[in-house]
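> Listed below are the residues making up each chain.
Number of protein chains: 2
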Amino acid sequence: MKPTHIEHIGVAVKSIDEARKFYEEVLGLTCYSVEEIAEQKVKTAFFMVGQTKIELLEATSLESPVAKFIENKGQGIHHIAFAVTGLENWLTTTEGKGVQLIDKTPRCGAEGLDIAFLHPKSTGGVLIELCEDKNKK
Amino acid sequence: MKPTHIEHIGVAVKSIDEARKFYEEVLGLTCYSVEEIAEQKVKTAFFMVGQTKIELLEATSLESPVAKFIENKGQGIHHIAFAVTGLENWLTTTEGKGVQLIDKTPRCGAEGLDIAFLHPKSTGGVLIELCEDKNKK
Numbered sequence: 063m064k065p066t067h068i069e070h071i072g073v074a075v076k077s078i079d080e081a082r083k084f085y086e087e088v089l090g091l092t093c094y095s096v097e098e099i100a101e102q103k104v105k106t107a108f109f110m111v112g113q114t115k116i117e118l119l120e121a122t123s124l125e126s127p128v129a130k131f132i133e134n135k136g137q138g139i140h141h142i143a144f145a146v147t148g149l150e151n152w153l154t155t156t157e158g159k160g161v162q163l164i165d166k167t168p169r170c171g172a173e174g175l176d177i178a179f180l181h182p183k184s185t186g187g188v189l190i191e192l193c194e195d196k197n198k199k
Numbered sequence: 063m064k065p066t067h068i069e070h071i072g073v074a075v076k077s078i079d080e081a082r083k084f085y086e087e088v089l090g091l092t093c094y095s096v097e098e099i100a101e102q103k104v105k106t107a108f109f110m111v112g113q114t115k116i117e118l119l120e121a122t123s124l125e126s127p128v129a130k131f132i133e134n135k136g137q138g139i140h141h142i143a144f145a146v147t148g149l150e151n152w153l154t155t156t157e158g159k160g161v162q163l164i165d166k167t168p169r170c171g172a173e174g175l176d177i178a179f180l181h182p183k184s185t186g187g188v189l190i191e192l193c194e195d196k197n198k199k
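Which chain is which? The protein sequence lines are A and B, in order. Under the numbering used here, the first sequence is numbered contiguously, ending at residue 199. Under the numbering used here, the second sequence is numbered contiguously, ending at residue 199.
Don't take every hint at face value.
Which copy? The list can't say, so a pair holds if one copy fits it or any two copies do.
The calculated lysine-lysine pairs, modelled on DSBU-like cross-linking and capped at a C-alpha distance of 35 Å, are [as the list claims (entries may be wrong)]:
no. : residue 1 : residue 2
1   : K166      : K64
2   : K76       : K135
3   : K198      : K130
Simulated from the structure, these hints should not be mistaken for lab results.
Produce the entire structure from the sequences given, and follow the hints as far as they go.
Structure follows, in structure tokens:
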């Protein structure tokens, strides 16, 4: 049981309109989707690079975790998302190994994926997301 | 001209011996290489996930950039490395677009790759590495 690939890398930015210029004009990537996720109080923009997406995250509220992240650490890399199969089983097994879960059961994330976050306290300071594409089940 | 994939994600850790447990025992990944890079004052450990490597970085000196990163921000995600073809040309073009380079010419990084870093001031706070596998030239 191991992740198949890095599904995406989340990057906290103050403004997607500003930040996307680097990914488009310097790296030559194409933004294929901009989506607001009301539940998480963020707007997202996605770019594909090989198997992996870059997900720019802009807070839509001062209470957004992304706004708090930027306040504490500044703009930058926010989380790594690993693609897995059988997310519920992953969460049970992971918790059984003593890892603190932020989400004890999967919830709906960007692009309709099932997602769950692990607490950075249990992962050496890295906010890690596990995610599963329901359409591939 | 765009990167082919995410070559690796660098993660700053206090101790590789401690941090690798999460990647091995929880994520089920295999550490296939541990390497010391004297020039950068770091020890590295690599894990493969799909196309992408997780590179754990442990400082071997208090003057290491990784030691300074941890002192300022704590353990966590340090940089994203994009795989490119024609690194020298990338650097010329990227600088021509107004991006501040940390390395104006390629240097030798872990695993014998040619690497160069872009300054986070020009990338929305993300330390970005461009790298090229010389063996694939």
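> First find the shortest C-alpha distance between K198 and K130 inside one copy, then the shortest across copies, and answer within, between, both or neither for a cut-off of 35 Å.
Classified as within; 33 Å inside a copy, 42 Å across copies.
> My question is about K166 and K64: at a cut-off of 35 Å on alpha-carbon distance, are they close within one copy, between copies, both, or neither?
within (19 Å within a copy, 38 Å between copies)
> Taking 35 Å as the upper bound on the Cα-Cα distance, should K76 and K135 be classified as within, between, both, or neither?
For K76 and K135, the Cα distance is within 35 Å both inside one copy (12 Å) and across copies (19 Å).
Against the hints set out earlier in the document, no violation occurs for any number.
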